[in-house]
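Given next are the chains, with one letter for each unit.
Number of protein chains: 2
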Amino acid sequence: MEIYSATRGLYPHVSVDCVIFGFDGQALKVLLMSRRDEAHNSGYNDYKFPGSLVYANEDLDTAAVRAAHDITGLRDLRLRQFRTFGAPDRASSPRDKRWLENATRQQVGRIVTVGYLTLIKMGEEVRSFGEDYNVAWFDVGDSTVQLAFDHPLILAEALREIRRQVASRPAVVFDLLPPKFTARELRAAYSAIFSRTYDVRNFNKKFIENEPLIVALDEKERNVKHRAARYLRFDRKAYARQLTIDS
Amino acid sequence: MEIYSATRGLYPHVSVDCVIFGFDGQALKVLLMSRRDEAHNSGYNDYKFPGSLVYANEDLDTAAVRAAHDITGLRDLRLRQFRTFGAPDRASSPRDKRWLENATRQQVGRIVTVGYLTLIKMGEEVRSFGEDYNVAWFDVGDSTVQLAFDHPLILAEALREIRRQVASRPAVVFDLLPPKFTARELRAAYSAIFSRTYDVRNFNKKFIENEPLIVALDEKERNVKHRAARYLRFDRKAYARQLTIDS
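Protein sequence lines correspond, in order, to chains A and B. Numbered per my numbering, the first sequence spans residues 1188 to 1434. Numbered per my numbering, the second sequence spans residues 1188 to 1434.
Mixed in with the good hints there might be a few duds.
As the list makes no split between identical chains, a pair holds if one copy fits it or if it spans any two.
The calculated DSS-like cross-link candidates involving lysine-lysine, where the alpha carbons are at most 30 Å apart (straight line), are [unchecked claim]:
| id | residue 1 | residue 2 |
| --- | --- | --- |
| 1 | K1407 | K1392 |
| 2 | K1424 | K1393 |
| 3 | K1424 | K1392 |
| 4 | K1407 | K1308 |
| 5 | K1424 | K1367 |
| 6 | K1308 | K1392 |
| 7 | K1367 | K1407 |
| 8 | K1235 | K1367 |
| 9 | K1393 | K1407 |
Hints were generated in silico from the structure; no laboratory data involved.
Start from the sequences, fold in the hints, and give me the full structure.
Printed below as a string of structure tokens:
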């Protein structure tokens, strides 16, 4: 499969890389593309973020959306820039260089990459990918996954940025949950994102009782083995009003 | 004056630009470098952010610190990346192209620039610059200043980012004030950053009375014409503890 269009000139100095985090109700996952070097029989199979060099006439944001869509099939991702990575040697290992030159059919020198980020709720439709796509979800903490280029650094920075966003604007978390959720489900999201456990009582006090935008519903869980928990709801309308007043 | 070292190779595809905001107690200022094209007598004198192409063997953060220091003389700026700008035509107007090729002594094509940002308290030592430096402070809202390249966009995005940071982490504001400050001084900082006026009573309620980390001191202003106001203090120790607990 040709990655790049033969009719569009490349700008071989700058690329985009898309860190797509997903939450499936239990774990924080990240979408990775497998990188096989079949031509050289060197026997490696490592992974990278969906990404691409930018075309000569292409804006960065456009390149990120294009690369994410071409590689994963996903549309309407709200990809946001979070950091640009430019260590002079970040793509210069022999393996990285060979892979790049094979993909681009040209010599490649230093590449600065612009990191994009999104965090999505993994509904059924994005839990797995067909054979058309060379990508799969991995647990963020999966230490058996070998990442190419400087992608371990990009992953670490992306994770830090997501945690920063959730800490300063908790509303992000509610996009990962169903409209009606339990305290347990909210705690699972925080546990996955911050990779830690919480004391139940402290968690409920800090993130639920002290959060005026969380409304307890009359309805409880049904048909569960544990004690049925009350459903909660995040008051998006009040949140939107608050943002308007603040700005 | 030669801007670039003749002995270090340039990487002419990527640059850094540093948006240095300053607060002088009254207005939000930004540090700009004047761009004169004396060789061509074209009679323009516009402005740009302190910045530079990166050298071939140079990291992005290093380039930002180097450029800011070389151009302004300022050291120890906490410059942070905030966004990368890469519209294909962002540096391709005839004036921009000529200026770049004159400065670099080489042909220059598309340049992607990585934006860096900082906000400093303008003490006496940074209120003006000597003749060694081609830079000066301007009011952020000064509509008579013409900015080169896509720097109007960079300024707008930097301002948005600073406002976002202050809104989500108000502690940033207290770095701009003396250790003991009045409600009026705090309001002046918010007014300057958000470019708006505040109703005094609403401001005090929202930003002072509702902020447990602001401590009212026994001491009042002296020798002032208006009614002497009580001094306030931001409890940095409690703030640091809170950050530790949150993380």
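Verification of the supplied hints:
1. K1407 x K1392: within (20 Å within a copy, 38 Å between copies)
2. K1424 x K1393: both (22 Å within a copy, 21 Å between copies)
3. K1424 x K1392: Classified as both; 23 Å inside a copy, 23 Å across copies.
4. K1407 x K1308: within (23 Å within a copy, 53 Å between copies)
5. K1424 x K1367: Result: close within a single copy only, 15 Å intra versus 39 Å inter.
6. K1308 x K1392: within (25 Å within a copy, 38 Å between copies)
7. K1367 x K1407: within (10 Å within a copy, 51 Å between copies)
8. K1235 x K1367: neither (35 Å within a copy, 51 Å between copies)
9. K1393 x K1407: Classified as within; 22 Å inside a copy, 36 Å across copies.
Violation of the numbered hints given earlier is confined to hint 8; every other hint is satisfied by the structure.
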